[in-house]
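Throw the hints in and build the complete structure from the sequences for me.
In the order they appear, the protein sequences are chains A and B.
Taking the working numbering, I'd label the letters of the first sequence as residues 45 to 490.
Taking the working numbering, I'd label the letters of the second sequence as residues 11 to 243.
Hints are computed from structural coordinates only; laboratory data are not their basis.
Nothing here was measured: the structure is a model prediction, and the numbers come from that model.
Check before you lean on any hint, since a few could be wrong.
As the list claims (entries may be wrong) - Between beta-carbon pairs, the in silico distance windows are:
{"hint": "1", "chain 1": "B", "residue 1": "V35", "chain 2": "A", "residue 2": "I276", "range": "29 to 39 Å"}
{"hint": "2", "chain 1": "A", "residue 1": "F152", "chain 2": "B", "residue 2": "P193", "range": "33 to 43 Å"}
{"hint": "3", "chain 1": "B", "residue 1": "R132", "chain 2": "A", "residue 2": "W80", "range": "20 to 30 Å"}
To be verified - These stretches of chain A come out as covered by chain B in the derived footprint (C-beta under 8 Å, 3 or more residues):
{"hint": "4", "segment": "83-93"}
{"hint": "5", "segment": "98-112"}
{"hint": "6", "segment": "265-276"}
Even glycine gets a Cβ: it sits at the ideal position worked out from N, Cα and C.
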Amino acid sequence: MEKFELGEDARLLRPIERTGRAFWISAAILLSIVAWGVFAYLSQLRRGLSVTGLNVPVYWGLYITNFVFFIGISHAGTLISAILRLAHAEWRRSITRSAEVITVLVLFFGMGCVILDLGRPDRVLHVLRHGNFTSPLLWDVTSIATYLTASTIYLYLPLIPDIAILRDNFPGRKWLYRTLALGWTGTSRQQRLLDRAIAAMAVIVIPIAISVHTVVSWVFAMTVQPMWHSTIFGPYFVVGAIFSGIAAILIAMAIIRKAYHLEAYLKPVHFNNLGLLLLVMTLLWFYFTFAEFLTTYYGGEPSHMVIFLSKTQGRFSPLFWTMIVTCFVVPFAMLANNRTRGTVWGTVTAAVSVQIGMWLERFLIVVPSLSNPRLPLTAATYTPSWVEWSLMAAFVAAFIFLYAVFTKLFPIVSIWEIHEGRERSLEEVSARVQSYLPAPAGVEHE
Amino acid sequence: MPRWGMVIDLDRCTACQACVVACQVENNVAPAGPELAERGRAISWLRLVPFQGGEHGTRPELRLVPLPCMHCERPPCTRVCPVKATLIDREGLVAQVYPRCIGCRYCTTACPYTVRHFNWDRPQWPRPMEDSLSPDVSVRPNGVVEKCTFCHHRLQRARDQARAEGRPLREGDYVPACVQTCPAEAMVFGDLDDPRSAVARLSQGPRAFRLLEELGTRPKVVYLSKGEWGGEV
Numbered sequence: 045m046e047k048f049e050l051g052e053d054a055r056l057l058r059p060i061e062r063t064g065r066a067f068w069i070s071a072a073i074l075l076s077i078v079a080w081g082v083f084a085y086l087s088q089l090r091r092g093l094s095v096t097g098l099n100v101p102v103y104w105g106l107y108i109t110n111f112v113f114f115i116g117i118s119h120a121g122t123l124i125s126a127i128l129r130l131a132h133a134e135w136r137r138s139i140t141r142s143a144e145v146i147t148v149l150v151l152f153f154g155m156g157c158v159i160l161d162l163g164r165p166d167r168v169l170h171v172l173r174h175g176n177f178t179s180p181l182l183w184d185v186t187s188i189a190t191y192l193t194a195s196t197i198y199l200y201l202p203l204i205p206d207i208a209i210l211r212d213n214f215p216g217r218k219w220l221y222r223t224l225a226l227g228w229t230g231t232s233r234q235q236r237l238l239d240r241a242i243a244a245m246a247v248i249v250i251p252i253a254i255s256v257h258t259v260v261s262w263v264f265a266m267t268v269q270p271m272w273h274s275t276i277f278g279p280y281f282v283v284g285a286i287f288s289g290i291a292a293i294l295i296a297m298a299i300i301r302k303a304y305h306l307e308a309y310l311k312p313v314h315f316n317n318l319g320l321l322l323l324v325m326t327l328l329w330f331y332f333t334f335a336e337f338l339t340t341y342y343g344g345e346p347s348h349m350v351i352f353l354s355k356t357q358g359r360f361s362p363l364f365w366t367m368i369v370t371c372f373v374v375p376f377a378m379l380a381n382n383r384t385r386g387t388v389w390g391t392v393t394a395a396v397s398v399q400i401g402m403w404l405e406r407f408l409i410v411v412p413s414l415s416n417p418r419l420p421l422t423a424a425t426y427t428p429s430w431v432e433w434s435l436m437a438a439f440v441a442a443f444i445f446l447y448a449v450f451t452k453l454f455p456i457v458s459i460w461e462i463h464e465g466r467e468r469s470l471e472e473v474s475a476r477v478q479s480y481l482p483a484p485a486g487v488e489h490e
Numbered sequence: 011m012p013r014w015g016m017v018i019d020l021d022r023c024t025a026c027q028a029c030v031v032a033c034q035v036e037n038n039v040a041p042a043g044p045e046l047a048e049r050g051r052a053i054s055w056l057r058l059v060p061f062q063g064g065e066h067g068t069r070p071e072l073r074l075v076p077l078p079c080m081h082c083e084r085p086p087c088t089r090v091c092p093v094k095a096t097l098i099d100r101e102g103l104v105a106q107v108y109p110r111c112i113g114c115r116y117c118t119t120a121c122p123y124t125v126r127h128f129n130w131d132r133p134q135w136p137r138p139m140e141d142s143l144s145p146d147v148s149v150r151p152n153g154v155v156e157k158c159t160f161c162h163h164r165l166q167r168a169r170d171q172a173r174a175e176g177r178p179l180r181e182g183d184y185v186p187a188c189v190q191t192c193p194a195e196a197m198v199f200g201d202l203d204d205p206r207s208a209v210a211r212l213s214q215g216p217r218a219f220r221l222l223e224e225l226g227t228r229p230k231v232v233y234l235s236k237g238e239w240g241g242e243v
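Right, here's the structure in full:
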């Protein structure tokens with residue numbers, strides 16, 4: 045087996061070869077935010093959840109909001125990449141890896157949020173030892189653990205040929221890459237097995253991914269609390285998750301493109317195509333939100349209306365209307381217009397807006413329903429404390445840091461898949477298109 | 011097995027809060043103080059909530075309603091607990107197992123009555139009170155959920171007493187502290203399945219109703235009142 049010819053794709057290894065000042069400075073900033081978060085968590089460990097802004101009846105706040113938010117973002121990678129692979133979308137080749145890494149990393153932070161929220165984190169293993177399967181929280185544990193396993197495999201499989209390239213090019217880190225490459229030499233038998241495994245995983249991860257955000261929504265929907273107890277919550281959450289997931293990929297792509305000068309691989313067409321998907325999700329999100337709110341309003345049940353009004357006109361209305369603007373108005377305006385969608389800044393503006401809006405959406409699901417219980421209480425208002433904000437910042441910083449570390453160890457754009465695209469797909473695609481058309485006169489059908 | 015239930019006669023209740031104080035003392039619930047209460051951190055297993063009441067056609071009046079745990083027969087809280095730390099025990103009471111609770115507060119959010127409480131802090135008592143805690147009730151650690159137990163330690167004691175005397179449990183052997191204390195005798199406790207008991211008779215009377223029973227929770231706390239009901243303040 046001769047050495048894999050990198051050719052012009054050698055530049056994809058450059059982030060691994062060389063690490064510039066900008067990386068170290070960003071890493072230092074990110075790690076100091078993480079250190080601050082550790083300090084905040086130590087104070088929570090010492091004094092319990094009294095350091096949060098939570099109270100009776102707002103028992104859940106920022107931690108649970110972030111849990112739903114992070115798990116939502118995890119739908120970026122695996123799901124989008126699986127769908128694009130199965131659809132033979134050729135433009136996927138340079139973006140699948142960066143998407144899949146988001147999934148695997150962010151899942152840890154999603155689960156971490158739940159542990160932050162526990163009054164007794166020392167007893168977290170009770171969930172395994174005394175698990176109660178009538179609890180939607182246990183459905184979450186099961187589903188998320190399955191998803192984490194499946195998406196780790198799904199990230200790893202297409203990495204193997206690239207790790208072999210690294211093994212052959214970086215003798216200094218051979219100990220790492222040789223183990224992970226699993227003896228890959230690129231024989232046609234290996235390639236065939238790998239293609240089959242990737243195709244199988246792409247099919248398997250889709251239902252798992254959908255189950256994950258469905259059961260996350262069921263944590264809320266299975267209770268009888270007003271504006272949680274809704275049958276559309278499952279699909280509504282899945283749509284929101286894919287929505288924020290695509291936005292996350294766009295932001296990651298823009299940063300990678302700029303930081304590692306990969307303009308040749310992450311082209312405006314990639315942003316345009318993902319932008320189109322984001323536009324579809326914008327409309328779907330609006331449709332679901334509209335259906336949910338209209339049904340509540342028209343039914344007019346008093347206990348539901350209290351929450352409806354607190355969102356649309358009351359205490360939470362500034363957040364609610366910001367959500368409508370950032371989740372719908374801004375992305376719709378940016379993405380429906382060919383001129384802005386065709387540009388990197390246009391789609392990224394929409395993506396950042398969607399991230400803000402979707403975080404607000406999660407906050408507005410968790411907090412207002414709890415703030416207005418069915419029976420009258422001397423209501424306390426919930427204001428997140430510095431500990432909660434610090435831990436949120438630390439989680440985001442830690443996620444970005446680990447993502448950056450990944451780009452320093454493995455190529456963030458799949459080298460062999462780009463190569464394969466160049467070598468094989470051009471013919472394949474033209475053959476495929478040919479097969480759609482009526483055969484030229486005189487040629488028999490097979 | 012008896013079906014333990016409570017009847018609260020709102021036409022007799024004077025909202026004196028003696029039940030609230032009796033409950034705090036009996037169950038070692040630490041007093042919160044104004045600062046924690048202001049932050050919504052006060053724990054009280056039994057509290058008075060304001061409702062709008064009054065007979066039809068008359069001026070609406072403010073009613074303060076004592077609200078303990080309803081000990082539902084279909085409790086929304088026990089099902090959602092991920093670790094079986096809250097469950098319906100052998101006596102039909104909704105119990106909380108403090109050493110198992112992981113403090114996720116799913117039960118507190120699932121309870122439509124908001125009668126479950128979380129220990130945000132380690133409980134603290136002013137100096138002399140610490141020496142007079144009840145030995146029958148465990149002090150809850152930081153980070154777990156707690157709630158009204160219908161004073162089930164009293165049930166254990168009553169059962170032991172009856173067994174020692176070689177007789178079955180009689181009505182009145184077991185009553186929670188709030189019921190025992192009520193000076194207006196507005197609270198009655200007993201076996202809802204025993205047709206001769208006061209609670210069974212009262213809970214089937216024309217004044218009887220249950221809170222949020224439309225949710226299908228089948229509460230075992232029954233309220234009595236004349237006139238219109240349900241208007242929230």
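Now for the hints, and whether the structure bears them out:
1. Checked against the hint of 29 to 39 Å, the C-beta distance between B/V35 and A/I276 comes to roughly 48 Å, which is inconsistent with it.
2. Remark: the range hint 33 to 43 Å for A/F152 to B/P193 is contradicted by a beta-carbon distance near 57 Å.
3. Under the hint 20 to 30 Å, the C-beta atoms of B/R132 and A/W80, about 26 Å apart, fit the expected range.
4. Only residues whose C-beta sits within less than 8 Å of a C-beta in chain B count toward coverage, and the segment 83-93 of chain A has 3 of them, enough to reach three; the restraint holds.
5. Under the rule that three or more residues need a Cβ within less than 8 Å of chain B, the assignment of the segment 98-112 of chain A holds, with 7 such residues.
6. A count of 4 residues in the segment 265-276 of chain A with a Cβ less than 8 Å from any Cβ of chain B is obtained; the coverage claim is therefore met, three being the minimum.
In summary, the numbered hints that this structure violates are 1, 2.
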